[in-house]
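So you can see what is in the structure, the chains are spelled out below.
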Amino acid sequence: MTYIPISPKERDDMLGTIGVKSLDNLFDAIPAKHRFPKLDLPTALTEMEAADELSGLANANENVRSDLISFLGAGMYNHYIPSVVDHMLRRGEFYTAYTPYQPEISQGTLQAIFEYQSLMSALTGMDVSNASHYDGATAAAEAVNLAYAQFRGKRKKVVVSPTLHPQYRAVIRTYMQGMELEVAGDDPNANLESNPNDLISQVDDNTCIAILQYPDFFGRVYDYTKLIEDVHAKGALVCVVANPTALAMFKTPGSMGADIVVGDGQPLGIPMWYGGPSVGFFTTRKNMVHKMAGRLVGETVDNKSQRAYVLTLTAREQHIKRDRATSNICTNQGLIALGTAVYLSLLGKKGLRQVAELCYQKAHYAAEQLSKIDGMGLCFTEPFFHEFALCVNRPVDEVNAHLLEHGIIGGYDLGQDYPSLKDHMLIAVTEMNTKEEIDTLVEVLSEVANG
Amino acid sequence: MTYIPISPKERDDMLGTIGVKSLDNLFDAIPAKHRFPKLDLPTALTEMEAADELSGLANANENVRSDLISFLGAGMYNHYIPSVVDHMLRRGEFYTAYTPYQPEISQGTLQAIFEYQSLMSALTGMDVSNASHYDGATAAAEAVNLAYAQFRGKRKKVVVSPTLHPQYRAVIRTYMQGMELEVAGDDPNANLESNPNDLISQVDDNTCIAILQYPDFFGRVYDYTKLIEDVHAKGALVCVVANPTALAMFKTPGSMGADIVVGDGQPLGIPMWYGGPSVGFFTTRKNMVHKMAGRLVGETVDNKSQRAYVLTLTAREQHIKRDRATSNICTNQGLIALGTAVYLSLLGKKGLRQVAELCYQKAHYAAEQLSKIDGMGLCFTEPFFHEFALCVNRPVDEVNAHLLEHGIIGGYDLGQDYPSLKDHMLIAVTEMNTKEEIDTLVEVLSEVANG
Amino acid sequence: MANVSSTLNAKIVEPTIFDLSSPGRTGVTMPASDVPETALPPKELLRSDLPLPELAEVDVVRHYTRLSTFNYSVDTGFYPLGSCTMKYNPKINEDTCRLPGFLFTHPLQPVETVQGNLALMYQLQEWLKEISGFAGVTLQPAAGAHGEFTGVLIMRAYHKSRNDVKRTKMLIPDAAHGTNPASVGMMGMTVVTIPSDERGNVDLKALEAACDDTVVGMMLTNPNTLGLFDEHIEKVIELVHGCGGIMYGDGANLNALLGIVRPGDLGFDVMHFNLHKTFAVPHGGGGPGSGPVGVAAHLVDFLPEPLVGIIEDAEDDLPPLYGFVKPAKSIGRMKAFHGHFGGGLVRAFTYIAMHGPDGLKDISQYAVLNANYLQARLRDTYKVPFDRICMHEFVAEGRFEGSDVRALDIAKRLMDYNFHPPTNYFPLIVHEALMIEPTETENKDTLDAFVDALIKIAEEAKTQPDLLHNAPSTTRFGRMDEVKAARELVLCCWLPENYDENA
Amino acid sequence: MANVSSTLNAKIVEPTIFDLSSPGRTGVTMPASDVPETALPPKELLRSDLPLPELAEVDVVRHYTRLSTFNYSVDTGFYPLGSCTMKYNPKINEDTCRLPGFLFTHPLQPVETVQGNLALMYQLQEWLKEISGFAGVTLQPAAGAHGEFTGVLIMRAYHKSRNDVKRTKMLIPDAAHGTNPASVGMMGMTVVTIPSDERGNVDLKALEAACDDTVVGMMLTNPNTLGLFDEHIEKVIELVHGCGGIMYGDGANLNALLGIVRPGDLGFDVMHFNLHKTFAVPHGGGGPGSGPVGVAAHLVDFLPEPLVGIIEDAEDDLPPLYGFVKPAKSIGRMKAFHGHFGGGLVRAFTYIAMHGPDGLKDISQYAVLNANYLQARLRDTYKVPFDRICMHEFVAEGRFEGSDVRALDIAKRLMDYNFHPPTNYFPLIVHEALMIEPTETENKDTLDAFVDALIKIAEEAKTQPDLLHNAPSTTRFGRMDEVKAARELVLCCWLPENYDENA
Ligand SMILES: Cc1ncc(COP(=O)(O)O)c(C=O)c1O
Ligand SMILES: Cc1ncc(COP(=O)(O)O)c(C=O)c1O
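Residue numbers (our numbering), protein chains in the order written: chain A, 1 to 451; chain B, 1001 to 1451; chain C, 2001 to 2503; chain D, 3001 to 3503.
Same shape as in the complex, but just chain A (with noise of 0.2 Å):
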């Protein structure tokens, strides 16, 4: 009983003092017959014996560090992680708190979260910025939501880039189910070589919002202006759903416009963890921050005229609205939202870009030396970022099975969510693959080429 600080003597002072024989006694309220199960769980280990167990997981699992190289990117990215953003979520006052409810002994996370909504906004362009989702996906689907609420209900569809995050999108779906939105444009067999604009046609006076990526999934990018304009003239909203790094180089959403500007959070200083705990981003117009969901901090004083924060607007949510709140959310992302503001404040205006310009360097240097190899070639020639699509000519799965035995992870199989792009993979290179890993991988690849 190492976490339970009750000798046997306090146990049974205590039951004396509530007035029942012994702790089985505090049960009486449960049905006997189900009463006190024998569970079928392996006997409690010791910290020496679970830190072991877990080092031994671990180790099963070939990592992106030290064991593999790796081109996989589709959502979730291999950055540096600077030391000290560990360093800093590793305070028990600020991992061990509750959301802050009590503002007089919660500012520590009142005052970062404050600072993570200015960030957010100044990376988006944006005026404002909730406290975090879950991720980007359900971050998108809230967006929804938003809309959905914004026009009372009135306007049912939802038309979604088919270059949008493919998971991106069925969580969209999914989200969608009750409400029982129609989901249009999200079409595996769209042509992706069209004109984001013409999206356009999906667009109609029933759709509420219209969803695009950027840099979309294939790593594109577009200027949008145009685009959101014309669904801004049929009366519809539009999120867009972005990757932070790549803010840091290109042209905002809010500048081009963007109503809802939405994203995963992961690549500003979050391990990928196997997929989770990131953050979901969520930042939209003043106008909006009424039915935007997600807790929200704002600035004030106390009663000796200190500037403080607290948690404001709070009537949109669940806890005081119920059935009538835009979401269910209660806890979101706080750590990790802390841990992006660590990662943003020790990077800053210069080092974000050099990130972005690293990954823009190392991902183009990459794409001219793969497209050089004989039968294979980029899918697509407009400007990217750091991920683009490369036509493999053979089975995706035989291509990066070769690659895994050379410790490589290759790209991620686009023909399992667009049946045109067979034989294609999304390659994503960062800051963290060095030219040495770019020309193994190319080396490698003109091997399958020509083998």
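Derived by calculation from the structure, the hints in this document are not laboratory data. A few of these clues could be false.
[Stated by the list, open to error] Capping the alpha-carbon separation at 20 Å, the derived lysine-lysine pairs in PhoX-like fashion look like this:
1) D:LYS3361 - B:LYS1009
2) B:LYS1038 - D:LYS3456
3) A:LYS157 - A:LYS291
[To be verified] Partial chain A-side listing against chain C, Cβ under 10 Å, derived:
4) LYS321
5) ARG353
6) LEU404
7) HIS406
[Stated by the list, open to error] Beta-carbon label-pair distances, calculated as ranges:
8) C:LEU2467 - B:LYS1304: 17 to 27 Å
9) C:GLU2315 - B:PRO1188: 25 to 35 Å
10) A:ARG90 - D:SER3403: 16 to 26 Å
11) A:ARG90 - B:ASP1205: 55 to 65 Å
12) B:HIS1290 - A:LYS21: 30 to 40 Å
Ideal Cβ positions, reconstructed from N, Cα and C, are used throughout, including at glycine.
Chain A is already provided as a structure; the job is to place chains B, C and D with the ligands on it using the hints.
Chains B, C and D with the ligands alone, transformed into the frame defined by chain A:
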């Protein structure tokens, strides 16, 4: 310039305030011909590159947690370190503070060290503990300094048991060079099976101190009460160098009458870290506290009547007493001492005893199994703790090379220090060694014996 | 949302990172590029400025370290926040979840390269099934509310799969947590509120009246938010099942039931776990959590995709090959990738592994012991409206005859005694509610000190009520102007206007 | 040393772990034995009781977390403690030194299995040689003072090896740190104190007079403890060498000299480094430090054993094999094993690797810039007795005409402004010394705020001296009763008298 937060503009402003033209001009006092040497060092690594480089070096080692099974002790032991220890040591407020010279804003360190002193007194059975020495060996050497001072330099002989750790004996010899003390008893050819009481023959009225080890270097546990009485009868002091884990189980040197009890605190929750830093504990009787070297924390109150702690009896120390101080020690092992306090708080009365008994049980199992191997055998018959000398009847380096091929680090080669123990190794077993590991050792050594 | 905050004249205890910024500083250096240079894309695609703050590493560390000291936390004291299970979070979990093998694996890696992760997830699914008595478990949901939404989607999909399409009403007790009705609201379903009876149980009559063939099911927290185990739980479930409804259990209060009773055995059909409550995943100042959902056999096919399954059986010395499987009628994906693996699942796995069946039962027994002990010592001072043996928490009233002191005042005054206050004003059915959940990780000394403080405060409420109205007075920050925050809506800060001119 | 503390009626801000103990608690569980049981040794050899405290994990974590918050530290603020180089300690060093390959290697492992450690040590020896201009370096000493002792032993051994046995006097300037004379005291040598001249340099006349054939050598800190570079350093060394003496450099102030000048080039023969000052090893609330010693060519043979050397040269693709070597006339071992490898050497190695030659020079240039900036801004308010361009620190007087305010009062008052005070009362040759060392890791905003506070305090000293006499008033703890501590000598605490009866 990651760690230098001054921009070029700020630098120029500051130079202006100072009234010099350039940074270089700040160094005009330095002989021109040696000013600004070009250092032949590798160019700076970024954090990301340094993390990689250091991982490479660390991975170039084989460690005794995941790579090798170890039966090596001889002064440093592979114990389990509960997770909490390092979590507490990672608190920036602890590790980035200086020596607590300003008690109003250093109560964290001061109270922790006070607790450390209390824990060490409880473990050793002594009245007082200082705030730490560098390690067990230097603490033993400082015991000699104390004794030398106690007799005002009149007694110039130090009697050292031959069963004191060879490196500790070496350090004592080094330390005594300046004072030109005579070091006696320190004889590698001594009869190691003789009764420890025989050491009394070396003690005379020129002797200021006798130094014993408990358990001795070969793991043997003796009751030194009689010997200590006899040394006292000659007017000399006795210092016992103790293993702190053993003190959870065995009679305290304090109760045997020792004047000084020192030792290395590494077994108490400190990683082996290739030999350091660890911590030397130093405890003594209250009547010798004024002669004791090192810092000392005492209880007091502040001006709000709050219980508090301060560095006390500082007049003993170098910054006041200068050339008449017993020791020159200034920086000690504060953070490591804190680590041992956290460890002991976690294990407590029962936990530390349990660790000691696990070591005892496993060592005795190993000894019994190993002594059954043909041609091998235990060297001594006295009660022992968690180390024992095993005769392997062939060169230890050959045996160890064979063990290493099986992923095992064998025992310490005793022939290095004791000619009579050629072909003997000192085997240490702790709670970290499973029965399976011990059985593997037995199996491989049986092969050696038969092969 | 003025660019200039109206708190301009306020004292600044700790500047923001934007306040601290100075041109040219940076907190980390990145390597230079090692590849031949490619031209940047056309300028029209690029942003011209990036208004992020610039700080050195030391500035960042000091800033966030200082901020952290403004927080109350479990690591610094007693945090009896009802419904939140603020138990101590063992430090070993912080280590295991940071093992490089977990930190640096990509969610889309070939399954052959991540068998450690998958084995852990598979095992955890099995363990949660065994603990709860359910037939299937998904680890995907990100938090409790996300689990609720998942569960309600499954309930809807089940009815729909049977063409039972007129069910649109969800029965929810008046004491329920806000996320329950909100989850239903997100589905376009209607909430029917069921009152509680005078012993804090579901009012059976009202329930019976509401049960008809338009009922999707019922969402019940049991023990409920009063900390009481429903004395007619089997009857309640029978009624819901009787009308074709599905019984949803809000597992937020599972800390009372480990090894005590399995919700599945009682007849619950769906339940979410809060790994960040029951299984010691730290709350992180608001998250992340982890909200797996367990379902009975008839609902297994509707679970979100993917689940972890065995895709090749174990053979001789070879372990099984774990991989992903898709339930036949899956509602789809709840989020990208596989749930909160690192932050949630690894910690919870470690925690369960270190407890085993007996340790889990200890948790609940001592959680309930501690709550009852507090209740017994406090009931003479604070009215406990539903006064019987409670489970892991109980609710008292924070008001006194003839005094204008409110629960909020008591909460704030507790801060002066170095305690975190209980949950206030929830559940809604208790006046001036103080919802107290001590958890099993607190010792008797702490509980006694907390009781003493609350008794002292009750006295102060009579003799010096202003001490309470003005509390807290010993904390670094005092009461907040919440109205100002909501009216002015300053939701972010920026670099100063002429920032770049200082470069 | 009464068993019962006389602070019995004092308020307890945080109980000790002994106060917090309660029978039966434990903070960690160990596995049961997996081997057949052996009988314990005879009872006479065993202890009957083990009076250690008993706490649960949560108690231990809260206790030490709370204690930590009572500390001022570099991670929470500016710490301009002269002579201590309280620079920011990069967090990456905390990670590299905790890599399992470093943590879990035994100092006596076969060298073949620890080539990573040995390569690191070898490289660090080489780097320190290059930085300082010495021919050999030992990494063994545990701290600065330990390095001094090592150095003096080497000096003695050198003279002795030449049969030059009448040398017993060590020349030490009056401004020297206490460890210098104390190191000499431990050797049974005599200290001859050399005064400083009016510009803060060694008084050449006095030095010349002291130099004779009984001189072991001179121990000099340069820049000295006034923060001043000796303007006649070459002359000083010439004089010492001229009489056959050896020149020892106290490297505590090396933070001023990286890439600026190499002590070896100036003619120093021996010097200790303080890795915990110059190379950002954290001070740990008092240690551990790391005090490598560098020596000129003629002293290399006397270095402590063992050093790290190449025992098999590199060949083709094979790296060299590193191992231990023993200098021919070694003074012996300074401590067990190989120095502060993990806590000191790995961190310092990381730090140097991340700076390179230009980064190291930046350190010293900016350390000196910051100190001169503070001196320039403060000299009109606080008298700077030796007022010229300083190096990385300077010393001002903490007293004012006609005021009874002392340096101590100013130091304490600085705490109210959230700063750690400078070093007081050292060096001894300045009245009411305030020794200020800002280091290079502080920004101009911090320096300006510090200056503003000191100027404000100077004003307060005139107008409201009691503010200073009673300072600090805003910190959790106030001034201490040091006399009581020394008189009562309560140096440890125990479990309560009848502790076990509560079991
Ligand atoms: C009873 C109850 N249900 C549901 C929730 C929602 O869980 P989460 O915050 O993890 O989304 C909570 C959380 O506070 C709760 O107390
Ligand atoms: C000038 C000087 N010399 C020597 C020392 C002693 O160094 P250490 O504390 O590492 O033993 C110090 C430390 O404060 C110092 O400032």
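Checked hints:
no., hint, verdict
1, D:LYS3361 - B:LYS1009, "19 Å, holds"
2, B:LYS1038 - D:LYS3456, "43 Å, violated"
3, A:LYS157 - A:LYS291, "18 Å, holds"
4, LYS321, "7 Å, holds"
5, ARG353, "6 Å, holds"
6, LEU404, "6 Å, holds"
7, HIS406, "13 Å, violated"
8, C:LEU2467 - B:LYS1304: 17 to 27 Å, "21 Å, holds"
9, C:GLU2315 - B:PRO1188: 25 to 35 Å, "58 Å, violated"
10, A:ARG90 - D:SER3403: 16 to 26 Å, "46 Å, violated"
11, A:ARG90 - B:ASP1205: 55 to 65 Å, "58 Å, holds"
12, B:HIS1290 - A:LYS21: 30 to 40 Å, "59 Å, violated"
Taken one by one, the earlier hints fail for this structure at numbers 2, 7, 9, 10 and 12, listed in ascending order.
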